[in-house]
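Engineer: What follows is each chain in one-letter form.
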Amino acid sequence: MIEIFKDTNYDFIGKKNILIVISLIISLLGIGSFFLKGFNLGVDFSGGTLVTVRFKKPHDDTRLRTALSKQNIDATKVTIQPISQITGATKNDVLIRLPQTVADEKSGGGIDADKRGIIDALNNHYTEIALEGRSNKADVNNSGSETLKNALIAKAPLGGQAGAEEEYARLAAAIIKYRDTERGGLIGDISEIPSAGFDPKSTAVLKDVFYAGDFNIVDASVVGPQVGKELRNRAIYVTFASLIGMLIYIAFRFEFIYGIGAIVATIHDVIVTLAFFSIFQWEISLNVIAALLTLIGYSMNDTIVIFDRIRETLRIKRRDDLDGLSNEAINQTLSRTIITSGLTFLSVCALVFFGGPVLRGFSLTLFIGIIVGTYSSIAIATPIMLWWKHITIDRAKLAEQAKKSTKSNAEAKSAKSDQKEK
Amino acid sequence: MRKSNLRYRVFGIAITTLISLLLILYPRTHEDKKPGEPGLLGRKRTVEEMLKDFTSWSAIKGNIASHIKLGLDLKGGTHLVMQVETDDVIKQFTDNNTRQAEETLKKANIPLKAVTSPALGQVIVELTDAGRYEEAKTKVQNEFGREWQFSSGGATVLNYSLTAIGADQRKAQAFRQAMEIIENRVNAFGVAEPTIQSHGPEKAYQILLQLPGVDDPERVKRLIHIDSKLELKAVVGQPNVSSTKEQALQAAASSGGVAGNMEALPVSDRNGGSTDGGFIVVEKNPVITGIDLRDAAAVPSRYNVRDYEIHFTLNPTGAERFGTWTGANIGKYLAVVLDGKVKTFPKINDRISDRGQITGDFTKETGEDLALTLRSGALPAKIVFLEERTVGPSLGADSIKQGVVASGVGLVLVMVFMLFYYRLSGLNAIIALILNLIFLIAGLALCKATLTLPGIAGIILLIGMAVDSNVLIFERIREELRHGKIVPSAVESGFNKAFLTIIDTHVTTIVSAFFLFIFGTGPIRGFAVSLIIGLLANLFTSVYVSRTMFIYWLARGGPKVDKISI
Numbered sequence: 001m002i003e004i005f006k007d008t009n010y011d012f013i014g015k016k017n018i019l020i021v022i023s024l025i026i027s028l029l030g031i032g033s034f035f036l037k038g039f040n041l042g043v044d045f046s047g048g049t050l051v052t053v054r055f056k057k058p059h060d061d062t063r064l065r066t067a068l069s070k071q072n073i074d075a076t077k078v079t080i081q082p083i084s085q086i087t088g089a090t091k092n093d094v095l096i097r098l099p100q101t102v103a104d105e106k107s108g109g110g111i112d113a114d115k116r117g118i119i120d121a122l123n124n125h126y127t128e129i130a131l132e133g134r135s136n137k138a139d140v141n142n143s144g145s146e147t148l149k150n151a152l153i154a155k156a157p158l159g160g161q162a163g164a165e166e167e168y169a170r171l172a173a174a175i176i177k178y179r180d181t182e183r184g185g186l187i188g189d190i191s192e193i194p195s196a197g198f199d200p201k202s203t204a205v206l207k208d209v210f211y212a213g214d215f216n217i218v219d220a221s222v223v224g225p226q227v228g229k230e231l232r233n234r235a236i237y238v239t240f241a242s243l244i245g246m247l248i249y250i251a252f253r254f255e256f257i258y259g260i261g262a263i264v265a266t267i268h269d270v271i272v273t274l275a276f277f278s279i280f281q282w283e284i285s286l287n288v289i290a291a292l293l294t295l296i297g298y299s300m301n302d303t304i305v306i307f308d309r310i311r312e313t314l315r316i317k318r319r320d321d322l323d324g325l326s327n328e329a330i331n332q333t334l335s336r337t338i339i340t341s342g343l344t345f346l347s348v349c350a351l352v353f354f355g356g357p358v359l360r361g362f363s364l365t366l367f368i369g370i371i372v373g374t375y376s377s378i379a380i381a382t383p384i385m386l387w388w389k390h391i392t393i394d395r396a397k398l399a400e401q402a403k404k405s406t407k408s409n410a411e412a413k414s415a416k417s418d419q420k421e422k
Numbered sequence: 001m002r003k004s005n006l007r008y009r010v011f012g013i014a015i016t017t018l019i020s021l022l023l024i025l026y027p028r029t030h031e032d033k034k035p036g037e038p039g040l041l042g043r044k045r046t047v048e049e050m051l052k053d054f055t056s057w058s059a060i061k062g063n064i065a066s067h068i069k070l071g072l073d074l075k076g077g078t079h080l081v082m083q084v085e086t087d088d089v090i091k092q093f094t095d096n097n098t099r100q101a102e103e104t105l106k107k108a109n110i111p112l113k114a115v116t117s118p119a120l121g122q123v124i125v126e127l128t129d130a131g132r133y134e135e136a137k138t139k140v141q142n143e144f145g146r147e148w149q150f151s152s153g154g155a156t157v158l159n160y161s162l163t164a165i166g167a168d169q170r171k172a173q174a175f176r177q178a179m180e181i182i183e184n185r186v187n188a189f190g191v192a193e194p195t196i197q198s199h200g201p202e203k204a205y206q207i208l209l210q211l212p213g214v215d216d217p218e219r220v221k222r223l224i225h226i227d228s229k230l231e232l233k234a235v236v237g238q239p240n241v242s243s244t245k246e247q248a249l250q251a252a253a254s255s256g257g258v259a260g261n262m263e264a265l266p267v268s269d270r271n272g273g274s275t276d277g278g279f280i281v282v283e284k285n286p287v288i289t290g291i292d293l294r295d296a297a298a299v300p301s302r303y304n305v306r307d308y309e310i311h312f313t314l315n316p317t318g319a320e321r322f323g324t325w326t327g328a329n330i331g332k333y334l335a336v337v338l339d340g341k342v343k344t345f346p347k348i349n350d351r352i353s354d355r356g357q358i359t360g361d362f363t364k365e366t367g368e369d370l371a372l373t374l375r376s377g378a379l380p381a382k383i384v385f386l387e388e389r390t391v392g393p394s395l396g397a398d399s400i401k402q403g404v405v406a407s408g409v410g411l412v413l414v415m416v417f418m419l420f421y422y423r424l425s426g427l428n429a430i431i432a433l434i435l436n437l438i439f440l441i442a443g444l445a446l447c448k449a450t451l452t453l454p455g456i457a458g459i460i461l462l463i464g465m466a467v468d469s470n471v472l473i474f475e476r477i478r479e480e481l482r483h484g485k486i487v488p489s490a491v492e493s494g495f496n497k498a499f500l501t502i503i504d505t506h507v508t509t510i511v512s513a514f515f516l517f518i519f520g521t522g523p524i525r526g527f528a529v530s531l532i533i534g535l536l537a538n539l540f541t542s543v544y545v546s547r548t549m550f551i552y553w554l555a556r557g558g559p560k561v562d563k564i565s566i
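Listed in order, the protein sequences are those of chains D and Y. Going by my numbering, 283 is the number at position 283 of the first sequence; the sequence numbering is gapless. Going by my numbering, 367 is the number at position 367 of the second sequence; the sequence numbering is gapless.
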């Protein structure tokens with residue numbers, strides 16, 4: 001039998017004051033950072049425009065900024081961030097982010113004005129292909145099949161023969177499919193297309209109708225101010241609703257004070273995890289909130305396992321030494337706590353390293369959250385519960401002692417009188 | 001444990017597994033197949049073809065893919081949230097009633113100071129003669145109906161306000177109408193499997209539209225946005241284009257126009273520029289509106305192949321009205337008004353009954369879009385976009401690849417540890433884990449749930465969480481063994497004691513996943529669904545399946561098993 005923790009007997013409860021102080025300090029630091037540095041809210045919550053562009057070549061930051069300002073986009077407000085790929089083939093993906101510029105959704109340009117501006121800037125001022133080389137041609141890297149089809153119809157390389165339109169539609173769809181499934185969204189050059197099963201003779205024709213632009217918009221999100229605000233409120237509301245839901249369940253299954261202990265520990269986890277996001281200014285997206293809510297459920301698990309064990313032991317053993325009993329319960333479940341957290345942590349590591357950039361925020365939240373959550377179920381939840389129990393038990397004990405002493409006095413008296421009678 | 005009990009357990013697990021596998025691997029139904037592919041219906045398939053569904057890897061992959069619906073973030077497509085500006089409807093309604101009140105009172109010869117509308121859903125009637133107050137009140141109330149609430153504002157002032165219920169009904173009706181029209185337009189555009197549903201809280205009047213695989217969202221957006229309000233109106237007098245509104249109205253008044261029943265409309269510029277080409281005066285009440293349309297189509301122009309024009313036909317009632325009107329007005333001019341702009345104003349040469357055309361600067365695309373929006377009817381209120389997300393298919397494909405790799409790595413890491421740490425019992429946990437994943441995927445297929453990128457992340461997370469129950473149980477059994485219990489009773493009490501804990505941990509996680517489901521749309525919801533189904537499956541595999549395996553091992557070892565690999 002391989003055992004990592006065999007008959008451990010660490011005194012967690014004895015050191016509870018130190019543990020709580022450490023957590024308090026970290027939490028306060030986090031809350032301080034919330035107020036001082038705030039959060040880097042993603043477009044999901046702050047509103048704005050987020051465009052992921054895939055370039056053929058690594059992008060040139062200064063040139064990109066110049067191109068954007070030429071299109072009347074305030075380059076000082078733009079965040080340009082290359083997406084790092086931890087694993088897999090490097091792609092020249094760049095995030096371009098713009099904060100909310102329209103006051104509300106109804107303003108003239110519509111909420112997608114910035115998105116169109118970015119695309120226009122890339123088309124008009126960044127692309128290296130000379131304007132003459134692409135006038136009256138359609139960009140295969142940045143068009144839908146409908147546009148490609150219409151470009152073919154307009155140039156009509158097949159002449160007016162019957163069925164030409166269907167042929168163009170087929171050709172357009174095949175080019176798009178080739179681009180997206182085999183080329184990862186970017187066709188390097190028009191001369192590549194014929195190798196994808198087209199008549200080689202048509203290369204010249206294709207070159208006459210199309211050109212392959214330098215970039216492809218792989219992802220674009222535009223969130224208006226109203227939606228951003230709604231989502232922000234909803235995220236806060238749901239987080240609390242979920243905490244209250246669990247409080248009710250635990251209060252029902254255990255005791256109310258166990259629920260409070262578990263909830264305080266979970267709030268601690270959320271604060272500490274968010275502290276990382278605030279201090280390092282990581283972006284908070286919808287996925288991060290999803291991960292936080294998952295964390296709430298997950299962190300609760302460890303706490304419940306310990307509480308369950310305390311409850312179970314209480315049924316067999318004397319109630320007096322609640323501290324020692326709780327410490328015993330933590331130690332008894334310690335190997336389970338560490339193994340489970342470790343295994344979930346392993347899965348999350350796989351997610352951090354292999355899950356790709358879109359899930360990065362999600363994975364990071366859980367990465368930190370699992371460590372903090374495991375710690376808090378040992379160091380926060382049980383001590384809080386004990387702290388409250390002490391107050392109530394001590395009070396009860398005092399009352400009982402008071403009762404006992406009067407009773408024993410009475411008994412003693414009656415005993416004496418009995419003796420006397422004898 | 002009795003033998004027959006074991007037999008029932010194994011049978012139950014086998015059946016569940018079989019059903020799950022069927023849910024995942026069942027051959028696609030006829031509708032899912034491409035034309036020409038041998039299907040379940042229609043042409044009977046040969047035995048080899050049927051076998052192929054389970055033997056050829058590409059067929060298996062295709063079948064699995066047909067059962068699991070992928071979210072937009074994995075498949076690529078467009079996600080739009082839009083607001084129906086329902087206040088438009090209330091404004092229109094208020095304006096109409098203001099006009100109506102004025103007309104009614106004028107008809108009854110009740111002297112008026114003014115009829116005004118200071119705010120949405122409010123009409124104030126000011127009389128000059130207090131003696132006719134009651135008469136005016138009855139007249140207007142009859143006209144307005146129960147949707148409007150009367151209150152007195154003095155001896156000569158009548159206040160009417162639209163009740164909250166009335167306003168909500170109007171708004172809800174407009175919202176439903178808008179949703180229907182947008183649905184018609186999107187369907188006509190030919191998007192496969194669009195999702196259109198009301199979004200956000202009640203009375204938010206928001207619509208969520210998801211268009212998987214649409215690679216040109218701009219055109220769809222334009223299509224949704226276009227107002228396309230068609231009216232055919234009589235031109236007052238000669239069709240003289242004046243440069244200002246006032247000039248146009250003056251000229252019309254001198255040629256016999258009635259002041260209350262005419263308006264000057266801008267003439268749309270032929271070259272498609274933003275400046276208008278002057279004004280022309282038409283009668284206010286249209287002869288024909290978009291409601292009278294039966295069909296509209298974009299047709300290449302006879303004069304220039306590159307140009308398109310819209311040909312429309314009218315429905316019977318519209319045709320009758322139009323026929324009578326044109327018959328009586330031969331020699332006069334008719335204005336074709338689109339969205340408040342005069343497109344053309346042809347001379348009526350003959351009685352026309354049921355067809356007409358709109359010429360203008362249409363290309364194939366704009367012409368087709370206009371015809372489509374005309375066919376689907378005019379939107380009752382303006383549409384404003386609140387949120388717009390487009391995921392390219394290449395990014396979705398990247399995400400799937402990365403998700404599969406990450407789950408694979410996570411799965412292998414967890415399995416290796418379990419096997420290393422718990423030996424044969426670890427194998428038990430691994431079997432339970434694999435069954436768990438099968439049940440999860442089957443559950444997703446059964447609920448027709450959508451698999452999203454966070455959903456994949458949820459599955460990876462679940463791999464770690466799924467073995468939690470096994471760890472709990474195994475650690476418990478080890479403890480019992482340490483306390484000197486014999487193997488069968490250690491296993492028994494290990495499972496029994498861990499059971500309540502497992503229920504508690506699962507319920508709390510499901511509670512948080514449930515709130516996630518309420519909170520999220522699209523990808524987040526997909527995550528919550530994956531998590532909930534996975535947890536339920538886990539409850540079954542870790543408690544029931546895993547225990548059955550232990551019972552089996554113990555039963556094989558006879559009544560005196562004294563060793564267990566854990």
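By construction, these hints were calculated from the structure, which means they are not laboratory data. There's no promise every hint is true.
[Stated by the list, open to error] Here's a subset of chain Y near chain D, in silico, CB distances under 8 Å, partners left out:
#, residue
1, Leu21
2, Ala108
3, Leu112
4, Glu202
5, Gln402
6, Val409
7, Gly410
8, Met415
9, Phe417
10, Leu419
11, Asp504
12, Thr505
13, Val507
14, Thr508
[Stated by the list, open to error] Just a sample of chain D residues kept apart from chain Y, beta carbon distances all over 10 Å, derived:
#, residue
15, Leu24
16, Asp61
17, Thr76
18, Tyr249
19, Lys317
20, Ala399
Ideal Cβ placement from N, Cα and C applies to all residues, glycine included.
Engineer: Work down the list of hints and note, for each, if the structure agrees.
Structural biologist: Now for the hints, and whether the structure bears them out:
1. Leu21: Violated, because the Cβ-Cβ distance from Leu21(Y) to chain D comes to roughly 24 Å (cut-off 8 Å).
2. Ala108: violated (40 Å)
3. Leu112: Because about 35 Å separates Leu112(Y) from the closest Cβ in chain D, which is outside the 8 Å limit, the hint is violated.
4. Glu202: violated (14 Å)
5. Gln402: Result: holds, 3 Å to nearest chain D Cβ.
6. Val409: With a closest approach of 4 Å, the Val409(Y) hint holds.
7. Gly410: Hint holds; Gly410(Y) Cβ to chain D Cβ min 4 Å, cut 8 Å.
8. Met415: With a closest approach of 10 Å, the Met415(Y) hint is violated.
9. Phe417: Since the shortest Cβ distance to chain D is 6 Å, the answer is holds.
10. Leu419: For Leu419(Y), the interface hint is violated, since the closest Cβ of chain D sits about 11 Å away, which is over 8 Å.
11. Asp504: holds (5 Å)
12. Thr505: With Cβ-Cβ at 4 Å, under 8 Å, it holds.
13. Val507: Result: holds, 6 Å to nearest chain D Cβ.
14. Thr508: holds (4 Å)
15. Leu24: holds (25 Å)
16. Asp61: Since the minimum Cβ distance to chain Y is about 22 Å, Asp61(D) lies beyond 10 Å and the statement holds.
17. Thr76: With a cut-off of 10 Å, Thr76(D) remains clear of chain Y, as the shortest Cβ separation is near 25 Å.
18. Tyr249: At roughly 6 Å from the nearest Cβ of chain Y, Tyr249(D) sits no farther out than 10 Å, so the non-interface label is violated.
19. Lys317: For Lys317(D), whose nearest Cβ neighbour in chain Y is about 14 Å away, the distance exceeds 10 Å, so it holds.
20. Ala399: It holds; Ala399(D) is separated from chain Y by about 32 Å at its closest Cβ, greater than 10 Å.
The structure fails to meet hints 1, 2, 3, 4, 8, 10, 18 from the earlier list, while all remaining hints are met.
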